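Novice: Now for the letters of each chain:
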Amino acid sequence: MKSLTRYLTMNLPSKMAFENITPQVTEAVRASGVQEGLALVNSMHITASVFINDDERGLHHDFGKWLEALAPFNPDPTHYHHNRTGEDNADAHLKRQIMGREVVVAITKGKLDFGPWEQIFYGEFDGFRQKRVLIKVIGE
Amino acid sequence: MKSLTRYLTMNLPSKMAFENITPQVTEAVRASGVQEGLALVNSMHITASVFINDDERGLHHDFGKWLEALAPFNPDPTHYHHNRTGEDNADAHLKRQIMGREVVVAITKGKLDFGPWEQIFYGEFDGFRQKRVLIKVIGE
Amino acid sequence: MKSLTRYLTMNLPSKMAFENITPQVTEAVRASGVQEGLALVNSMHITASVFINDDERGLHHDFGKWLEALAPFNPDPTHYHHNRTGEDNADAHLKRQIMGREVVVAITKGKLDFGPWEQIFYGEFDGFRQKRVLIKVIGE
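Protein chains in written order, with this note's numbering: chain A, 305 to 444; chain B, 305 to 444; chain C, 305 to 444.
Take the hints with a grain of salt, since some may be wrong.
Repeated chains share a single entry, so a pair holds when one copy, or any two copies, can fit it.
To be verified - Listed next, the in silico DSS-like pairs over lysine-lysine satisfying Cα-Cα at most 27 Å (straight line):
1) Lys369 with Lys413
2) Lys319 with Lys306
3) Lys415 with Lys306
4) Lys306 with Lys413
5) Lys319 with Lys415
It is worth saying that the hints were derived from the structure and are not from the lab.
Remember, predicted model here, so these are calculated numbers, not experimental data.
Work out the full structure, taking the sequences as your base and the hints as a guide.
Specialist: Here it is as structure tokens:
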């Protein structure tokens, strides 16, 4: 069994943002030499997501507005108890649960086995700081 | 390491619907000969889901009503910016995030290692068109 | 390829609760002898979740309040059709979709490859009964 581990460093200059990391995952799969296997891609931080959806600017706007309605930012510690710790990012922990922590993608004949529109995104919900994404490839 | 790749073709005759695909995944695991390993099952399209829950008609009704309340269909491009592209399926991209893209299931002694009620579903949120599901089995 | 299968028995004494199961997963990874691979951890029941987030009491309070707002408990069978089966736990099936069924975690140099705050939780949404969690480790 072959395996490869890569860490990406993210540093998005806004509270909420989405970045396409498909090129970095594609490169990690190529470097692994794995022909048949799985690629796990996950956020290593709990106020961020990795997910697969469409690389379309309007949709990302919609994700942002929708997540803000479902889990609004509110630093008031009487609203979210988590913000009694001195943090103001409780909403980011909730948003991340909707969008997910990780994706697992099949590798077939040495490539990410994707449908026509699948792209991998890092979703940031508490930005302006450095975070990491893990890529783990296993297979043969 | 053994591996097997299968593609299922789905073509559901309604905007939103849920179909039990456990038999197809069970058959793929059997065909793989894998005794101990993992099965990844994912939608290859970004307006559909693969998820595990109960095969109960009333619950599927509840899922539909609940998802429609959380992410309502609205073709108006002033509501969802994604619909400025000429699409009207922004709501389907949001619904799929709640229900998820994929499941990873353990294979133990040659079988899907399931709890008493676990069943695998394809969830369609923008139907009336052909889509695909990927099954990837790895293990020994 | 090495593999290990473990089942945890959960029995939480409340309708909704979150329990940190990271120590049990850490021990399973150690026992497997796997140095490079993947650990799948999933609820075997469809009214419970396994997810990764912060071990902070205030945040767990926020999760509970938020999930109750998004998918309220309501035993009335005219509200949730699932409750026409004699069950009263339709809300628990919905809550579990938001929080997810499973996590897949990388194993690097024999350890769970975690970011600074990642902890694995069992999320119960229909407690007062015995349920199981599956841990499957594969790798080399």
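Novice: Decide, hint by hint, whether the structure agrees.
Specialist: Cross-check of the supplied hints:
For a Cα distance limit of 27 Å, the shortest separation of Lys369 from Lys413 qualifies neither inside one copy, at 39 Å, nor across copies, at 41 Å. In this assembly of identical chains, Lys319 and Lys306 lie within 27 Å of each other by CA distance neither inside one copy nor across copies; the values are 37 Å within and 42 Å between. Taking the shortest Cα distances, Lys415 and Lys306 sit within 27 Å of each other both inside one copy (15 Å) and across copies (17 Å). Taking the shortest Cα distances, Lys306 and Lys413 sit within 27 Å of each other both inside one copy (14 Å) and across copies (14 Å).
Neither within a single protomer nor between protomers do Lys319 and Lys415 lie at most 27 Å apart by alpha-carbon distance, with minima of 33 Å and 31 Å respectively.
Hint compliance for this structure: hints 1, 2, 5 are broken, all remaining hints hold.
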